[in-house]
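Be aware that the sequence shown starts at 738, since it is given in the numbering used here, and climbs by one per residue.
Certain hints may be false.
As the list claims (entries may be wrong) - Computed beta-carbon distance windows for the label pairs: (1) Ala1046 / Ala775: 39 to 47 Å; (2) Arg1042 / Ala947: 24 to 32 Å; (3) Arg917 / Trp823: 20 to 28 Å; (4) Ser749 / Ala1009: 48 to 56 Å; (5) Ala760 / Val940: 15 to 23 Å; (6) Pro769 / Asp826: 33 to 41 Å; (7) Ser749 / Pro893: 48 to 56 Å; (8) Gly910 / Leu798: 43 to 51 Å; (9) Ala947 / Gly1011: 38 to 46 Å; (10) Ser749 / Arg917: 32 to 40 Å.
Worth flagging that the hints you see were computed from the coordinates, not collected in a lab. Don't be surprised by glycine CBs; every beta carbon is placed ideally from N, CA and C.
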Amino acid sequence: MRAMRLAAGRWSGPLIVAALAVAGLGLVKWWPYGARLASSNLSFGGSLLDAPPLDYAARYLVSVWTAMVLGILLAASVETLLPRSWLADLLGRVSLRSSALGGLAALPGMMCSCCAAPVAVGLRRSGVASGAALAFWIGNPTLNPAVLAFLLLALPWQFTAIRLAAGLVLVFGVCYLAGRLVPDAPAPLPQDVDARPAPARLVSAIARYALTLLPGWLALIVLLGFARAWLLPSMPAVAANDPLVLTVAVIGGTLFMIPTAGEIPIAQALLALGLGAGPVAALIVTLPALSLPSLAMVWRSFPRRMLLATTVLVAFAGALAGLSATALGL
738 MRAMRLAAGR WSGPLIVAAL AVAGLGLVKW WPYGARLASS NLSFGGSLLD APPLDYAARY
798 LVSVWTAMVL GILLAASVET LLPRSWLADL LGRVSLRSSA LGGLAALPGM MCSCCAAPVA
858 VGLRRSGVAS GAALAFWIGN PTLNPAVLAF LLLALPWQFT AIRLAAGLVL VFGVCYLAGR
918 LVPDAPAPLP QDVDARPAPA RLVSAIARYA LTLLPGWLAL IVLLGFARAW LLPSMPAVAA
978 NDPLVLTVAV IGGTLFMIPT AGEIPIAQAL LALGLGAGPV AALIVTLPAL SLPSLAMVWR
1038 SFPRRMLLAT TVLVAFAGAL AGLSATALGL
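Let's have the full structure, built from the sequences with the hints guiding it.
Next comes the structure, spelled out in structure tokens:
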């Protein structure tokens, strides 16, 4: 009986985390996206590029707040309810295997970079190697299977191929190399560091994530809403595939945040204006991958050299995507 009670106690935390993930992702991500795909509804609202500053921030928050709540709940539950030894054994080593598993674990998440950021922080606090946690964070937005399906339906298939190729390289190549070149796998803390009951630890972790991550995130969203007016203005048709416009698209796409699938109406609007495929392809790659607010959320949880290198490489991937689209004559 004692062995059975110990086994039940050992598995109760992981089962709660699994149930929360399935229920939360099912409600916030899987069901809405599945229903939209089944109905072929490709209406994602207007492009955020034309929104006034405060409207840009407000529309973004309305789109992501449920996923952000879920991200914080998942981060806190991973940190407090999963045995640290499990995560350390599975994802705690700097290896190709752990990075690949981190990327594969991102596929069902389908979160934007900001909403996946708290979970990446929770993974790091639980002893997950930086390369694996980075692959999870980048993989959520770049390899989102629902968004890839929407892209395939909404735009010429070559844009989806470019996005998929860039995402695979970033998640399974860049994140692994970053973990190898800047290794940082914190040793997992002993399970008895915090002797409080699990519910108390969970509530405390939720409050900590909310208080430490959300204020700065909200402030940057508002600031970027005002910055968007001059860094990502409505691009005229005469811009076409101008190298300067491609550069602006790469920089703006790397810094600015969008909700999940927000790159699709932006791409449709810009193509309708006559913008060249190069800058549009760059935005399709860089906009979802990361953003300044999401970088701020994970800044203390990863080696800073790793985050800076990843940001540069995301921008480089966006530039290559733009050049590829131009070369293909899209």
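Ala947 paired with Gly1011, Cβ distance criterion 38 to 46 Å = holds, 44 Å
Cβ separation of Gly910 and Leu798, checked against the hinted range 43 to 51 Å | For Gly910 and Leu798 the Cβ distance comes to about 33 Å; the hint is violated.
Indicate whether the distance between the beta carbons of Ala760 and Val940 respects the range 15 to 23 Å.
-> holds, 19 Å
Verdict for Ser749, Pro893 (Cβ pair) under range 48 to 56 Å | holds, 49 Å
CB of Arg1042 to CB of Ala947, is that within 24 to 32 Å?
-> Cβ of Arg1042 to Cβ of Ala947: about 28 Å, so the range 24 to 32 Å holds.
Indicate whether the distance between the beta carbons of Ser749 and Ala1009 respects the range 48 to 56 Å.
-> holds, 53 Å
For Ala1046 and Ala775, compare the CB-CB distance with the range 39 to 47 Å and indicate the outcome.
-> holds, 40 Å
Should the hint that Arg917 and Trp823 are 20 to 28 Å apart at their CB atoms be regarded as holding?
-> holds, 23 Å
Look at the Cβ atoms of Pro769 and Asp826 and judge whether their distance stays inside 33 to 41 Å.
-> With a Cβ separation near 35 Å, Pro769 and Asp826 satisfy 33 to 41 Å, so the hint holds.
Taking the beta carbons of Ser749 and Arg917, is their distance inside 32 to 40 Å?
-> 36 Å Cβ-Cβ, so the 32 to 40 Å window holds.
Checked against the numbered hints given earlier, the structure breaks only hint 8 and satisfies all the rest.
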